[in-house]
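Novice: Residues per chain are reported as follows:
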Amino acid sequence: MGTDSRFDGPGPDAHYLAALQQGRFVLQHCEDCTATRFPPALVCRVCGSPRLAWRDASGVGSVYSTTTVRDRAGDYNVSLVELEGGARMMSRIDGVPVDDVRIGQQVKARIVPGDDPFVVFTLGAPE
Amino acid sequence: MSAVSKSLRGATAIVGIGNTRRWNAPGRTPFDQLQEASVLALEDCGLGMKDVDGLFCAMSTSGLPVLNVAERLGVKPRHADGTMVGGASFLFHMQSAMSALVNGLCDVALICYGSNQLTAGGKLASMPDPQPYENAYKPRYPLSSYALAAARHMHQYGSTREQLADVAVAARDWAKLNPDAFVRDPLTRADVLASRMISDPLTKADCCLVTDGGAAIVMTRADRAVDMPQAAAYVLGTGIAISHRQIMAMPDLTTTCAVESGRRAFAMAGVGVADIDHLMLYDAFTINTLLFLEDLGFCAKGEAGAMVSSGAISPGGRLPVNTNGGGLSCNHPGMYGLFTVIESVEQLRGNAGARQVPGVELSLAHANGGVLSSQATAILGTATTL
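Here the protein sequences come in this chain order: Y and P. The first sequence begins at 92 in this note's numbering and counts up by one. The second sequence begins at 9 in this note's numbering and counts up by one.
You can trust all of the hints, since none of them are fake.
Pairwise CB distance ranges, derived in the manner of DEER restraints:
#1 Y:Asp104 / P:Asp188: 42 to 50 Å
#2 P:Ser15 / Y:Gly165: 57 to 65 Å
#3 P:Pro366 / Y:Asp162: 45 to 53 Å
#4 Y:Ser149 / P:Pro366: 58 to 66 Å
#5 P:Gly324 / Y:Asp206: 58 to 66 Å
Partner residues are not named here, just some residues of chain P that face chain Y (Cβ under 7 Å, in silico):
#6 Glu142
#7 Ser152
#8 His163
Counterexamples of contact, computed for chain Y against chain P with all Cβ distances above 12 Å:
#9 Met92
#10 His120
#11 Thr125
What the hints contain is simulated information worked out from the structure, not anything from laboratory work. Please read all numbers here as calculations on a predicted model, not as lab measurements. The beta-carbon is built from N, C-alpha and C at its ideal position, and this holds for glycine as well.
Start from the sequences and build out the full structure, keeping to the hints where you can.
Specialist: Right, dumping it as structure tokens:
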């Protein structure tokens, strides 16, 4: 018996990273319900469906919760950002003093490039 | 109540407990602590190592704990379970042991743990469980995850740093009554608020201790428990639940799946929150105590802070919580869950000395694992509750 073609191609983690490396922030959308999925995985967490489709993220989100890590080398922000469809990602709010980050603030995504690119956010409403 | 629940209520009991009380023990490995606790637990109930035919353990320092422990203890298990869900693992093991005992897969279940977290350098022993979607942001693990939950709880329900501080003070006030607690110095709300901020809003004093330690319990079927030297602590109900691994995937940072584990445990036990005389809540951080008081139903969502600040959970309060001093002041050797159960048994036996709560017949032990990820609840009772 052969492999199931529905699962051909790079796995979800590799797909997400490859997109970031090409400058695209993408999210999985369930084709059987309306949920978005982050971190990437093979099945929808809400309904269990394996029918997840990659789409460009809007990059718009809001701060769901936030903390400041007090570090000898300097304080820095760690936040959870809620994206479209309710998916949340851990990230950081850049370009604003750590003590000014608040739950509920509107934020926009920016990709920090490199071999291991990642997404950070800055304050601001969608353009 | 389902047929399954009915057949399990009171069908098994904790007949032996072992606690090394060695919170700072240079020269001892996690396995040393575990072995000592296991010997103590078996001696407590008059059984020998050769009687053990069900083995349950989890460690952060070994990927194959069941094999390592079976070899060291000379145990040849007929049934084993090495489920690893962080600090709640041992209450998951209790549910597994209960099922295995009732179904005859084993007759004597040993659940055991050991750690040298303090003398190994004070860091949480790193587990082979990489988090590629967190690393770039350098959260303190696991502290920042709990800080994010605390910040959201404060935002949504108006809980305050003062209320969190009062959790730490209540734990310390209990620890002062426990000669075995690792830290018994005076602690005030002002002390907690002035403690070094690590990940807002949590200070060092909002965090559990880092200690060594070993713990073990022995479980048998209830019919055998009556012949044991110590009064049995009957397992009336258990419940487990898992909601996520990483904090970003927690559905609602203000509500843990202790809601589900608690509901399952209460349903099996056939009792309600008002019946509980004594409560152990895994307090890795001060926010935990608030979340679990609410999620297990001891107050409404958002009201635990006020409840704690009223003195309700402190010595002399109406609902004694974490009477050993908790993870905040008694001990916290990496994974603390089994110690919640041991203190519940001590209270049910009436052996808790100056911190003994009068007339405890029903005690609830609740454990947490990961970053509020796994939750497990056990309701234990004396023979009068059967």
